[in-house]
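Take the two lone chains, each set in its own frame, and fit them into one complex as the hints suggest.
Top line first, the protein sequences correspond to chains V and A.
Be aware that the first sequence starts at 21, since it is given in the working numbering, and climbs by one per residue.
Be aware that the second sequence starts at 963, since it is given in the working numbering, and climbs by one per residue.
No wet-lab data here; the hints were simulated from the structure.
Just to be clear, a hint being listed does not mean it is correct.
With a cut-off of at most 20 Å between alpha-carbon atoms, the simulated EDC-like pairs for lysine to aspartate or glutamate come out as follows [stated by the list, open to error]:
(1) A:K1035 - V:E50
(2) A:K1040 - A:D1014
(3) V:K123 - V:E50
(4) V:K35 - A:E1033
(5) A:K1040 - V:D138
(6) A:K1119 - A:E1144
(7) V:K123 - A:D1053
(8) V:K148 - A:E1037
(9) V:K232 - A:D975
(10) A:K1209 - A:E1181
(11) V:K148 - A:E1148
(12) A:K1070 - A:E1037
(13) V:K49 - A:D1053
(14) A:K1119 - V:D138
(15) V:K148 - A:E1058
(16) V:K148 - A:E1033
(17) V:K49 - A:E1181
(18) V:K232 - A:D1014
Far from chain A, by Cβ distances over 12 Å, these chain V residues were calculated [said to hold, decoys possible]:
(19) G28
(20) M33
(21) G36
(22) Q80
(23) Y83
(24) D101
(25) N186
(26) F201
(27) A211
(28) L252
(29) L265
Keep in mind the model is a prediction, meaning the values are calculated, not measured.
Every residue, glycine too, gets a C-beta built ideally from N, C-alpha and C.
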Amino acid sequence: MTIFSDIGRYLLMIKGMFSRPENGRMYWKEFMHQCTEIGIGALGIVAIISVFIGAVSTLQTAYQLISPLIPLSTIAQIVRDTVILEFAPTLTCIVLAGVIGSKIASELGNMRVSEQIDALEIMGINTKAYLVLPKILAGLLMIPFLVIIAMALGIWGGRVAAISANIISGNIYDKGLHEGFKAYNVFFALAKGYTFAFIISSIPAFYGYYVKGGALEIGRSSTKAVVVSCILILFSDYILSALLL
Amino acid sequence: MIEVRNIQKSFGDKTVIHNVSAVMKAGQCNLIIGTSGSGKTVLMKCMVGLFDPDHGEVLYSGQNFTEMSPEAKTEIRKEIGMLFQGSALFDSQTVEQNVMFPLDMFTKWPHSKKLERVNEVLARVNIVDANKKYPAELSGGMKKRVALARAIVLNPKYLFCDEPNSGLDPQTSLVIDKLIQEITKEFNITTVVNTHDMNSVMEIGNYILYMYQGHKEWEGNNREIIFSKNQRLNEFIFASEFLKDAKEMRMLEETGRIPNHRNLDDTQK
Ligand SMILES: Nc1ncnc2c1ncn2[C@@H]1O[C@H](COP(=O)(O)OP(=O)(O)O)[C@@H](O)[C@H]1O
Ligand SMILES: [Mg+2]
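Isolated chain A (complex conformation) (with noise of 0.2 Å):
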């Protein structure tokens, strides 16, 4: 579990995210959501510790990281996997150097020993036959699976996605999803993703934190998400009319009718 208590960042005299607090529970995909540039990628990494927060807390399991001392930090980050919207892989190893890293690094592992995880992970995320091949020679999507890989070799207590689907086709956006919720329950993992994609909201949004302009502005989860009020969130969720649609067919599942039907708005008005 991972617990945010009033964080606050600025940038110059720029302030980017105003007094944020989360709960994010373990074994579920916590999601924050936002437009571009609401603070989504500042808030995550103020979690993880690579922007320090002008004040606030962010608690692992209890434990207050951000006061924490720099050994004590790397002892926690060992437990936590990242997965950058760039991939972030190095690009002078190949798919399976860069694997193998965290486990060169980390682990005293004989090297077949090493290999076998490198290829079981690779298998989780369904990247074959691409162990020799550089960075550059992946298609986007297998190099956010293999980022994916990296990020769950040492098997992390905390996974962190930002915009794991940027970028990509909806096809293999929803295959990248479902693998992320499923190595979330699978591990019982605490993982947060960065998103702007109504499809992961509600496929996997088992926690979602609204971000406008670096403030919270909603928290729910994706059965609540349907019914809420708050005008800005169905501005964003809701932008088109086809999703307009698909809400409401959601309402009507739910609930077997459509309050305040947009047609009904329009003949009453």
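Here chain V stands alone, though its shape is the one from the complex (with noise of 0.2 Å):
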């Protein structure tokens, strides 16, 4: 069985992460590298996404919300909880496995293939610690940020919808914000940012560190750690949801 060969292989590259670095400055250059790489990469598509998923969770919630019982602030209040429960951190790193997890896979995957990583060990680097563990590190410090981000944007988003389409006004909506807010909330979108970055970091690195062959499966290789690594947030999504809340 391929899977229980490669999840061996997967826990293996984890452990050879860890060994003390040649050269602790050269490990600190790489990782800041791959934190503006992540970090700033992918900022102006989360900005995109999480305004317009704000804006869209305003209106459609406006619309199902049609009983006169319930005061409009309460628009506000699903919008927030959904933005900061699921929109913010499963949507955002949904699209992160493709933007970050594709470049990461598709990194190592033509080192792999060109023979740099070879060229490394030779050198005497242990590549898993020089190459993939800053990647997971910086992917466990900005991926989170991003999350945060999303949150602040996707609430931002769903108030300018609110007061462009005429639905509540910005201070009602500021009003339906304060209430009943559960800061335990924040607390479970930030375990699901961290387990979703390890994610996103860790399984691309593993397909492309072990790609074999040439251009074609560095191809096929991002697509597949795209594509697990989004089956693995989905599921590990409900995991926690069911352990958490």
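This is the structure in structure tokens:
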């Protein structure tokens, strides 16, 4: 069964990442480089998606809440909670799995196929530690940060939509935002963010690092990396919701 | 000196290297020759530990590399330079950064000293005014030379070159061969070169290991190879009429006569 041997190799890769860096400064440099690649590189798409998701949530919630018994500020509450609980962490990370995941897989895949990884190994460098670990750590730092930005922008996008479509005024929206706010939801969202961050960075790194063959296989493995990451994100989303909510 | 003892390597149920042994001395070019697919790259990768052999061992200056702990292997690897078949330059880095990389990683030198060393080795391989170029902007021959510069920047004791002149024109090939040979002599390096280039064999083959379908078929030097009676070797090395003539010229130079001249064979028939 290849799936079991894949899981075994994945765990070995994770284990192999932990060794004394040959040169701390070079590792730090690589980590900072990955932080910019992941953080700045994905900021634009995250911003666009979250604003629109927030806006659409507002319109659709307003469309479904037609009972006169429910105060209008509830719309803001619902938008806030869905954005924080689901849209900001899960949807953002699904998109990031495509954006960051394919980049990590193809970068490492290219290095493997063109023997750059072998060249590093020959120099006496632990390539799992030098190439994979900084990507995972940068993912763990930057992706939850992107999730927080997505929350803020999603809620803001909802507000803009509420005002411009004449659904509720900015004041009522803001009032609704403060009603029944649970800090636990943000904690839950961040727990998801960290879990997904690990998936988005480590799964594509695995597929890229162990690529065999040529350019065609790099493409294939990065597609596979994105698909597997997305499935694992949705699966762990379910598990975390069952456990933590 | 590198000793290879009874190396065997298979992928799945296909054995690619069968029980190969060799002794490769310092200060000379040790060639592994053979047709494509005969196992040259796999043997070389077994020697440097990129592949684990199924059995057998490799000794670096008497130390058993195959059985070393990962930490000890790392120490040996710091003394190994390798030139890969596709150059394997880091394509996100400039020529200068590529060559400086091993220095950045393994020395605590100030930048100026590192730069001085980089320019020194780049000049050694005849690369000038290309420090800020990216690998994608270089020709095949330049890439090979930059990769060679990177391989020797830390003054390795062991140098491995996988087909250093495949895909290059004969003149550039010769330049690379000469470079490898000079560096080997100059710094008393144990150099191992995979090749199927006949010029290299004749020019720099101090020790030649001929691989045939994963077996060691023949070993010797570039003088002995002229007189070898091994049929597979002769078919491989002296494949064209031109090379057969060249071989006979060499024989004539060495011994003053041509044994079993082909034309004589023909008339005898
Ligand atoms: N990673 C690998 N997995 C399976 N088979 C391999 C691998 N690398 C090489 N081989 C096989 O080993 C044989 C020798 O290959 P190689 O050493 O690359 O030949 P060459 O002499 O041209 O360098 C070939 O038949 C090749 O298909
Ligand atoms: Mg080869």
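Now the hints, each set against the structure:
no.	hint	verdict
1	A:K1035 - V:E50	violated, 24 Å
2	A:K1040 - A:D1014	holds, 19 Å
3	V:K123 - V:E50	holds, 16 Å
4	V:K35 - A:E1033	holds, 16 Å
5	A:K1040 - V:D138	holds, 14 Å
6	A:K1119 - A:E1144	holds, 14 Å
7	V:K123 - A:D1053	holds, 15 Å
8	V:K148 - A:E1037	holds, 18 Å
9	V:K232 - A:D975	holds, 18 Å
10	A:K1209 - A:E1181	holds, 18 Å
11	V:K148 - A:E1148	violated, 35 Å
12	A:K1070 - A:E1037	holds, 17 Å
13	V:K49 - A:D1053	holds, 17 Å
14	A:K1119 - V:D138	holds, 19 Å
15	V:K148 - A:E1058	violated, 24 Å
16	V:K148 - A:E1033	holds, 15 Å
17	V:K49 - A:E1181	violated, 47 Å
18	V:K232 - A:D1014	holds, 17 Å
19	G28	holds, 17 Å
20	M33	holds, 15 Å
21	G36	violated, 10 Å
22	Q80	holds, 44 Å
23	Y83	holds, 49 Å
24	D101	holds, 43 Å
25	N186	holds, 51 Å
26	F201	holds, 45 Å
27	A211	holds, 34 Å
28	L252	holds, 28 Å
29	L265	holds, 43 Å
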